[in-house]
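> The lines below spell out each chain.
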Amino acid sequence: MKLQHYLGGLEGLPEPLTLEERVFVEEWEKRIFGIHVAMMGLSNHLGSALPAYPIDEVPTAFKDEWTWADLRTGAEAMNPFDYFKFRYYEKWLGGITQFFADKGYVTEEELADRMAELSSATADFDGAEDIDDQVIAYLRLGDSPRRDVAHPKFAIGSSVRITNVPADAHSRLPGYLRGRVGTVERVFEGDYAYFCHTGDGIGDPMPIYIVEFAPREIWGPRAEDGPLSLYAELFEAYLEPIEETS
Amino acid sequence: MTGQFAYPPDREEASAKKAAALESLLIEKGVITPQTVDKVLAYFETEMTPLNGKKIVVKAWTDAEFAAKVVVDTPAAIAELDLPDGMAGAEGEHLQAVANNPGVHNLVICTLCSCFPWPVLGLPPYWYKDPTFRARAAREPRKVLAEVGVDLPAETEIKVWDSSGHSRWFVIPERPAGTEDFTDEMLMDLVTTEAMIGVALAGSAS
Numbered sequence: 010m011k012l013q014h015y016l017g018g019l020e021g022l023p024e025p026l027t028l029e030e031r032v033f034v035e036e037w038e039k040r041i042f043g044i045h046v047a048m049m050g051l052s053n054h055l056g057s058a059l060p061a062y063p064i065d066e067v068p069t070a071f072k073d074e075w076t077w078a079d080l081r082t083g084a085e086a087m088n089p090f091d092y093f094k095f096r097y098y099e100k101w102l103g104g105i106t107q108f109f110a111d112k113g114y115v116t117e118e119e120l121a122d123r124m125a126e127l128s129s130a131t132a133d134f135d136g137a138e139d140i141d142d143q144v145i146a147y148l149r150l151g152d153s154p155r156r157d158v159a160h161p162k163f164a165i166g167s168s169v170r171i172t173n174v175p176a177d178a179h180s181r182l183p184g185y186l187r188g189r190v191g192t193v194e195r196v197f198e199g200d201y202a203y204f205c206h207t208g209d210g211i212g213d214p215m216p217i218y219i220v221e222f223a224p225r226e227i228w229g230p231r232a233e234d235g236p237l238s239l240y241a242e243l244f245e246a247y248l249e250p251i252e253e254t255s
Numbered sequence: 071m072t073g074q075f076a077y078p079p080d081r082e083e084a085s086a087k088k089a090a091a092l093e094s095l096l097i098e099k100g101v102i103t104p105q106t107v108d109k110v111l112a113y114f115e116t117e118m119t120p121l122n123g124k125k126i127v128v129k130a131w132t133d134a135e136f137a138a139k140v141v142v143d144t145p146a147a148i149a150e151l152d153l154p155d156g157m158a159g160a161e162g163e164h165l166q167a168v169a170n171n172p173g174v175h176n177l178v179i180c181t182l183c184s185c186f187p188w189p190v191l192g193l194p195p196y197w198y199k200d201p202t203f204r205a206r207a208a209r210e211p212r213k214v215l216a217e218v219g220v221d222l223p224a225e226t227e228i229k230v231w232d233s234s235g236h237s238r239w240f241v242i243p244e245r246p247a248g249t250e251d252f253t254d255e256m257l258m259d260l261v262t263t264e265a266m267i268g269v270a271l272a273g274s275a276s
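Heads up: the sequence lines are chains A and B, in that order. What the first sequence shows, in the numbering used here, is residues 10 to 255, in sequence order. What the second sequence shows, in the numbering used here, is residues 71 to 276, in sequence order.
So here's chain A without its partners, still in its complex pose (with noise of 0.2 Å):
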């Protein structure tokens, strides 16, 4: 179990809310937000998504699969102690710094030393402009999950029960929802794949729905007064059918 994927409905918090209407609080924000992008516009499962991005091509020296997956995982994989202590963007730079020293792309030893002296490297080289114009195109262009057409198990009207598997190292379910009873509002067209697979049963192209939830169904008596809906987006593999009992 990890805490990460119980955030929703997490009790004993501060109030009042203050909105911090602000993107970035530091500079340094901005570039390992760059980063991941660029990564994201990079990666090597763009030449088998939707666009087919011409990515061998493409004269980088990135040679991995880089998807909000990836960075998910890493944040799911943390000490949820530490998950909680840092802010958005720091718990971006350490996952993303890892994940180049794993790939072996810097050593810790280089990082260290840069972070001495400094200097910014600012030579151009060959094929600068198409590694730039690849991370734009994937930004225009994406990298829809949408596959096949759809053969939904349920329809619209049926009652489902959210699945409880053991959560592996990423999940797209909601902890809050697990084992809960909730009603399909929608079913969209199509089948939709998972950047990999995650070991609770996502990753290949399977129908998706919204689940109506009624709070006292999730909440019992500590939910919220007054109409209230809850909707959630759900892989086909997080439902299952209610047993009929006649």
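Everything labelled a hint here was simulated from the structure, so no lab data went into it. A portion of the hints provided could be inaccurate.
In silico SDA-like pairs for lysine to any residue, Cα to Cα no more than 20 Å straight-line [said to hold, decoys possible]: (1) A:Lys-39 / B:Arg-212; (2) A:Lys-94 / B:Thr-202; (3) A:Lys-72 / A:Pro-60.
Listed next, the stretches of chain A that the computed footprint assigns to chain B, with coverage defined by at least 3 CB atoms under 8 Å from CB atoms of chain B [unchecked claim]: (4) 11-24; (5) 68-76; (6) 164-176; (7) 228-236.
These numbers come from a predicted model, not from an experiment. Using N, Cα and C, we set each Cβ at its ideal position, and we do this for glycine too.
Given the coordinates of chain A, assemble chain B onto it according to the supplied hints.
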């Protein structure tokens, strides 16, 4: 007391150096170019900003046919507007709008991470990524909304959308009363990122 709760004294400086060192090394090794990060940032600073969302909202306020379509087939409705190339690009592949009306208020959250409709709203503000917001909004949205100044009538239904799948959600807020004579530009000024996620209402006419 362990070191768990201590931050390094040079917390921000160390992160700034680490980010700069990483970018510098990635450039040197040919992973990215000296311009890559700046080009990515410029894309979001100049093209994919909340201005796109404001235009979508104002179109929905002023064109009933569009308003009906944008909540049913959001990508097709958006494609009719004169917006930057890339509205169906990264984090906009499957946009989904939900509209507030006198009896219904919508609130978008992401309890697992921070899924956000980049082409419509740009990059997420910190509050959206804040674990406290993500945790509390799932259980007590009415209280959270009241705390940030959205006092809804007791009979208004709140619909909370947890973005755990492929869709990237945003809210069409209600058009404020008394804005019948407003130009599109004046209307756009009433719409904020916060209103398009559901933690604010569109600004008042005065």
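> Which numbered hints are broken by the structure, listed smallest first?
The structure conflicts with hints 1 and 6, although it agrees with all the remaining ones.
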